[in-house]
Amino acid sequence: MSWTSRPLRIFQHLLREADAIGLDPARLIEEAATMGADTYLCMGGGFSAWYPTAIAAQPTNPALAVDLVGGVIAAAQQRQMRVIVRMDISKGRAGTQNRHPDWFVRQPDGAHATVWDMPQMCPTGPFWQDTNFAILDELLSAYAIDGFFYNYFYIPRCYCDRCEQMVLRETGAPVPAEGARAPLYENWRQTTLTDYTARMRDFIR
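Residue numbers for the sequence shown, in the numbering used here: 6 to 210.
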């Protein structure tokens, strides 16, 4: 039976970027082990990389002085603990929307949408469609990773020209107004996320 078919006891330190100062990856694994964990959820990539990355679109955590992903995996292997890497491609750093406006969600008035004062990523845009796969390739080429967890993973309502054209083509109607219930649009959102997830699964395999 595959390990993914069995119950997992997962532990995660949900770290802020500033928590990387003086961070010891081995100590994180030691703490997880004392909780009886057999799997560790490690901060990884997306809007903030917790390992040395060559991908300019994915900034490294400025407070990071160690390779957290590499250090966690090395320590976890000594305890036969699995490592799942936590990804977040739902948003970018503040100011990125000025350099890459086509990456992000647009509101009905054309302004960029934000989450916690960070610009929200558009799932039909270049970061999701291209950069995310480059990040996966970089991580899988460098580390023995057991799996990935994507935080805040959904299709937000976006009024950029790209989404408007895609939704109109697929549903016969424009992106509905905020708060309006539109079954065909909701089906498009669900199908789009399902297809994207399957694409990631096949890429990882």
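Simulated from the structure, these hints should not be mistaken for laboratory data.
Be careful, since some hints might not be right.
Computed beta-carbon distance windows for the label pairs [unchecked claim]: (1) GLU175 / ALA147: 18 to 26 Å; (2) MET171 / ALA79: 26 to 34 Å; (3) ASP114 / SER10: 30 to 38 Å; (4) ASP24 / ALA147: 42 to 50 Å; (5) ASP72 / HIS105: 37 to 45 Å; (6) HIS105 / GLU169: 13 to 21 Å; (7) ALA185 / THR39: 46 to 54 Å; (8) ALA185 / ALA31: 47 to 55 Å; (9) THR119 / ALA139: 35 to 43 Å; (10) PRO131 / TYR157: 32 to 40 Å; (11) ARG174 / ARG104: 23 to 31 Å; (12) HIS105 / SER146: 23 to 31 Å; (13) ARG84 / LEU19: 40 to 48 Å.
Don't be surprised by glycine CBs; every beta carbon is placed ideally from N, CA and C.
Structure-based check of each hint:
no.: 1; hint: GLU175 / ALA147: 18 to 26 Å; result: violated (37 Å)
no.: 2; hint: MET171 / ALA79: 26 to 34 Å; result: violated (43 Å)
no.: 3; hint: ASP114 / SER10: 30 to 38 Å; result: violated (47 Å)
no.: 4; hint: ASP24 / ALA147: 42 to 50 Å; result: violated (22 Å)
no.: 5; hint: ASP72 / HIS105: 37 to 45 Å; result: violated (26 Å)
no.: 6; hint: HIS105 / GLU169: 13 to 21 Å; result: holds (19 Å)
no.: 7; hint: ALA185 / THR39: 46 to 54 Å; result: holds (50 Å)
no.: 8; hint: ALA185 / ALA31: 47 to 55 Å; result: holds (51 Å)
no.: 9; hint: THR119 / ALA139: 35 to 43 Å; result: violated (25 Å)
no.: 10; hint: PRO131 / TYR157: 32 to 40 Å; result: violated (19 Å)
no.: 11; hint: ARG174 / ARG104: 23 to 31 Å; result: holds (29 Å)
no.: 12; hint: HIS105 / SER146: 23 to 31 Å; result: holds (24 Å)
no.: 13; hint: ARG84 / LEU19: 40 to 48 Å; result: violated (21 Å)
Taken one by one, the earlier hints fail for this structure at numbers 1, 2, 3, 4, 5, 9, 10, 13, listed in ascending order.
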